[in-house]
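Trainee: The primary structure of each chain is shown beneath.
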Amino acid sequence: MIEDLRRLEADARAAIRRASDTDELERVRVRYLGRREGRVSALLRQLGRLSREERPAAGAEANRVKTALVQAHEDRSRELAAATAHDPDRLDLTLPARGKWRGTVHPVSRVVDDIWQIFRSLGFVRARGPEVDTEWYNFVALNTPLDHPAADEQDTLYLAPGLLLRSHTSPVQIRTMEKYPPPIRIIAPGMVYRRDTYDATHTPAFAQIEGLVVDEGVTFVDFKATLAEFARRFWGPGTRVRFRPSFFPFTEPSAEVDVKRVIVREDGSEEETGWIEIMGAGMVDPAVLDNVGYDSERYTGWAFGMGPARVALLRHGVRDLRLFYENDMRFLGQFT
Amino acid sequence: MKVSYRWVRDVAPGIGLPQAQAMERLALRGAPVEEVVDLAEGLRDVVIGRVLEARPHPNADRLTLCRVMGPEGEVPVVCGAPVVVEGACYPFAPVGAVLPGGFRIGKRKIRGEVSRGMLCSERELELGDDHAGIMLLDGPYEPGAPFAQAVGLDDVRLDVEVTPNRGDLLSHVGIARELHPDGQAGISLPEFPDGTPAVAANFARGEVEAGSAGVRIRIEDPDLCSRYLGAVIRGVEVGPSPRWLADRLRAAGARPVNNVVDATNYVMLELGQPLHAFDLARLADATIVVGRARPGESLVTLDGETRAVTREMLMIRDAEVPVAVAGVMGGRDSEVSAGSADILLECALFEPRQVRATRRALGMSTDASYRFERGVDPATMETALTRAAALIVAVAGGSVEGELIDVHPRPWEAPVVSLRPSRVGHLLGVEFTPEEIAGLLAPLGYTVTKRGADALEVVVPGHRGQDTLREVDLIEEVARTHGFDAFPEVMSPARPGTVPDHPLFQLEDTLRALLAADGISEAQTPALGPAAHGDVPLLNPMSRDEGYLRRDRLPGLLAHVERNMARGVRDVRLFEIGTAFAASSVPGEAPAESSRVAVVLTGRRTPPHWSGPGEPFDVYDMARVLELVAEVAYPGGRVVPAADDTAEALCVGGRGYVVVSGSGEVVGWGGEVEPGAMDLPRWAGVVVGGEVLLPDMPGPRPEVTARDLPDQPAVQRDLALLVGVDMAVGKVVEVARKGAGKLLEAVEVFDVYEGDDLPPATRSVALRLRFRARGRTLTDKEVDKACRRVLRKVKEETGVETRS
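Sequence order for the protein chains is A and B. Residues 1 to 336 in our numbering are what the first sequence lists, from first letter to last. Residues 1 to 804 in our numbering are what the second sequence lists, from first letter to last.
No lab work stands behind these hints: they were computed from the structure. Quantities reported herein were computed from a predicted structural model and do not represent experimental measurements. Worth double-checking, as some hints may not be accurate.
[To be verified] Quick look at which bits of chain A chain B covers, simulated, 3 or more residues with Cβ under 8 Å:
id	stretch
1	7-19
2	200-206
3	313-326
[What the hints assert, rightly or not] Every beta carbon over 10 Å from chain A, so not counted as near; a handful from chain B, in silico:
id	residue
4	Phe-192
5	Arg-563
6	Arg-624
7	Gly-654
8	Ser-663
9	Ala-684
10	Arg-803
[To be verified] One side only, chain A facing chain B, incomplete, derived with CB under 8 Å:
id	residue
11	Gln-46
12	Arg-64
13	Arg-102
14	Asp-147
15	Pro-181
16	Thr-219
17	Pro-286
For glycine and all other residues, C-beta sits at the position ideal for the given N, C-alpha and C.
Using the sequences and the hints given, assemble the complete structure.
Mentor: Laid out in structure tokens, this is it:
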């Protein structure tokens with residue numbers, strides 16, 4: 001009997017191993033382990049015919065064989081399932097990929113970062129200052145008397161008399177120069193505030209980036225060259241840059257900087273845009289240097305201020321600035 | 001500043017530039033054109049028509065039947081005007097023409113007679129208000145010729161952007177000066193079309209008082225009014241201006257009023273000098289006193305407003321009361337009107353800051369105040385006065401009586417500024433010789449009087465007398481006239497600066513990248529919010545919803561979750577890095593600012609996928625995000641459950657996490673957001689949020705010291721524990737960790753199961769303990785011993801039993 005059991009076990013194991021797909025394995029299972037027709041069950045039914053002495057050993061062996069075969073069947077079944085999963089014929093590659101949310105950096109932050117990366121490569125570092133500041137830092141130290149029409153250009157939000165939300169990032173110029181001696185080579189990104197209501201091109205709070213260079217021998221030629229270099233790196237090598245005279249109380253000469261971009265279409269043809277105003281800039285007014293105790297006869301410098309939101313608007317063809325601040329997932333999600 | 005380009009060319013006849021090039025040149029000289037209006041735009045289809053014959057319409061009393069010679073020969077036209085002159089020329093809109101208002105002329109039959117076109121009135125052409133009759137054209141015209149060109153209306157209006165330092169550009173002469181190749185030298189004021197009456201420049205002058213023709217003028221406050229010129233003109237006939245004058249004003253965007261007022265406006269637009277005409281009969285005692293308002297006085301200005309004026313404001317007074325706010329607006333009672341016969345013409349110089357303060361206090365701005373604030377040319381006042389007087393005589397009749405009056409307490413002297421050519425090169429990076437500098441400054445009206453060894457003496461012209469008073473101002477003029485484009489672009493080597501890169505920017509950048517990589521999108525919301533969200537009020541907010549500076553950033557972000565959900569967007573993952581403001585304990589002192597990172601998550605943890613439904617975000621996701629932020633912002637910091645009374649109010653049930661810095665300070669919080677705190681649709685699920693304060697000056701992140709990889713295999717044991725719902729799993733894990741001893745490498749909660757097959761109020765918590773010893777293989781005996789110790793300790797200290 002025990003002999004029979006062992007022979008059966010060997011046969012069954014071989015059959016299980018030979019089974020090459022789940023259907024065949026199932027037939028093997030029924031043949032050996034099936035409750036009625038199974039050969040193991042058949043042998044077990046014969047246990048009753050054995051003598052009392054033979055029965056315990058045979059019974060134990062029968063149970064062992066059954067358990068071992070069940071285990072062998074399970075193992076083979078798992079093997080076959082795994083093989084099936086790796087079967088190239090069973091994969092439907094047209095099914096959608098497994099998803100994972102993609103987060104995005106805000107388009108205005110991306111512009112700030114791109115600008116920073118360029119200036120960083122030109123030897124600049126970043127400085128910051130408070131968003132609530134005084135009239136001294138926001139206006140007076142920047143050579144903007146409060147009774148001058150230039151102070152009108154920026155309608156300012158006040159917290160208390162003399163205390164305001166900075167209307168530009170230029171106060172960082174003063175704060176940085178007060179704290180550090182020349183040479184200065186900084187950009188200062190940050191939020192600024194004006195008494196503007198929301199419309200397609202205005203928001204009461206918006207990002208700005210200030211730049212400031214002060215050292216001996218810094219000239220208008222250097223000023224033009226550095227900003228033109230920035231513009232070509234940001235908007236592409238074919239970009240033309242134009243400097244137009246303008247007025248800011250804290251720079252002299254003052255300039256508006258315009259760029260004309262070359263847009264390469266999908267078919268390879270090129271098109272030039274019109275002049276796009278991108279920043280206000282100029283040579284630091286000696287009065288500003290005097291106000292922070294720098295020797296304005298010895299040191300010269302230049303500065304600029306630009307609005308990254310406007311740049312982002314142009315870059316992405318966004319028609320309405322408000323879209324940047326509605327924070328709709330469907331809008332933000334586009335900037336992957 | 002709106003200018004008629006035709007007018008600009010009239011005051012400087014040498015300007016040959018086509019309009020497009022003129023605009024380019026203005027832009028490159030600091031006065032870009034913001035808008036161009038083609039004044040002939042709507043008149044393109046209108047031509048000159050000559051009436052060959054006019055006879056009464058056979059079937060209508062008020063209509064005339066005309067034969068009109070137009071571009072395509074003779075056509076019949078039915079006209080409704082009361083008078084049609086045979087042989088005269090009129091603006092004619094033939095069939096197919098579109099009038100300025102958009103009206104298209106068609107072939108019509110009027111009372112049985114065919115009409116093939118229309119003779120036009122001023123109003124139909126939007127040239128004026130006159131609708132009574134059609135517009136009779138004097139002079140020889142070619143029938144069929146384009147109307148606008150024939151009558152000189154083919155003009156463009158340029159809206160020039162003028163910066164606050166360029167008061168000199170607020171006139172046609174000022175714009176022309178920038179366009180003419182010879183600049184100032186090219187200016188030549190044109191004769192008026194019907195001749196320029198001579199006005200002798202004879203002045204009755206006085207330091208603080210002067211008079212002529214029965215009028216006396218006195219200046220009480222010479223600091224605020226340094227000069228006052230007057231002209232007495234008697235016998236004027238106030239009425240509409242002649243066409244040319246009205247057209248000129250309209251071309252420059254001004255509205256014609258009457259011939260006297262129009263003459264003053266014309267000269268202001270031409271020369272930049274504001275002028276005012278008083279009805280002399282309305283000035284008590286024919287007296288002008290320039291002085292401050294008396295207490296309690298008020299004045300009705302030209303716009304009909306009653307203005308309370310104060311001691312700080314400068315007035316033009318007659319012998320009794322204020323009659324004008326100096327430099328801002330005239331008074332209604334002394335206004336020149338239809339019945340005026342004698343007038344006093346004022347041309348004065350008021351102190352810019354005074355005008356600015358006054359008009360701001362009165363909440364108004366006028367063409368005059370705008371110019372005074374930016375500085376008018378003290379050197380052209382006499383020209384302006386005589387030209388305006390001549391124009392008034394030319395268009396309104398009358399004559400100048402007696403001498404002109406000049407009260408001049410503070411004679412103007414042209415500023416002389418010293419300019420070092422070496423400094424020009426020092427600042428601009430290009431060397432200029434003294435001759436080159438003189439040549440660049442001359443067209444703008446500057447004269448170089450002395451050429452010293454090191455410096456030039458430059459005399460500043462009146463029209464730049466407000467702005468160019470320092471050497472650097474002249475250097476700007478040199479650069480501007482040379483042309484910014486003419487400077488080379490050469491980058492010079494730069495020394496590194498003394499300022500360190502601010503570490504907070506670096507931290508913010510790291511967090512931005514980390515959170516975006518984690519599937520969260522960066523939002524930007526304003527730092528301004530309603531009173532409930534802040535402690536720092538604004539003095540002059542735009543609205544109540546934006547009246548305070550935010551004390552935290554998360555509430556602003558939650559508002560954007562609401563906004564997304566209101567638009568049907570269910571999966572919202574936003575973060576923001578921005579400033580929060582805490583009120584100072586000292587009133588009037590700046591609030592404390594801190595940079596914050598706020599995060600909010602709601603919806604599904606993963607995008608929808610066929611392999612299974614996505615699970616919603618829950619509070620444990622927030623814990624992970626807080627850990628992510630804490631790891632970067634606070635080395636050595638950790639995220640722990642808040643004690644019940646310390647959780648933020650926004651957390652549901654008062655339960656949430658706090659972020660604790662390495663030094664033990666609470667620097668952030670997060671949890672499931674109390675649903676009542678938001679206005680969400682019913683379908684909205686759990687919203688989790690958190691906010692972490694960033695250090696003002698983050699230190700460098702500690703360097704990682706790498707550990708060697710283990711040289712021995714680990715032994716793992718799983719324990720299933722039955723933990724009551726009142727017992728914190730974290731506590732059980734802590735006890736287990738301590739009980740396991742030194743050999744324990746890690747403990748992990750790998751399953752928490754609740755089910756009916758467990759005793760009530762319990763859950764099955766599965767712990768996986770990993771043991772490892774350095775340098776040797778662990779024996780089963782050691783590990784079994786450690787596990788038994790764990791189970792014993794857990795039972796002793798927490799009462800938790802093994803799940804059987």
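Trainee: Any of the earlier hints contradicted here, and which numbers?
Mentor: 1, 5, 11, 12
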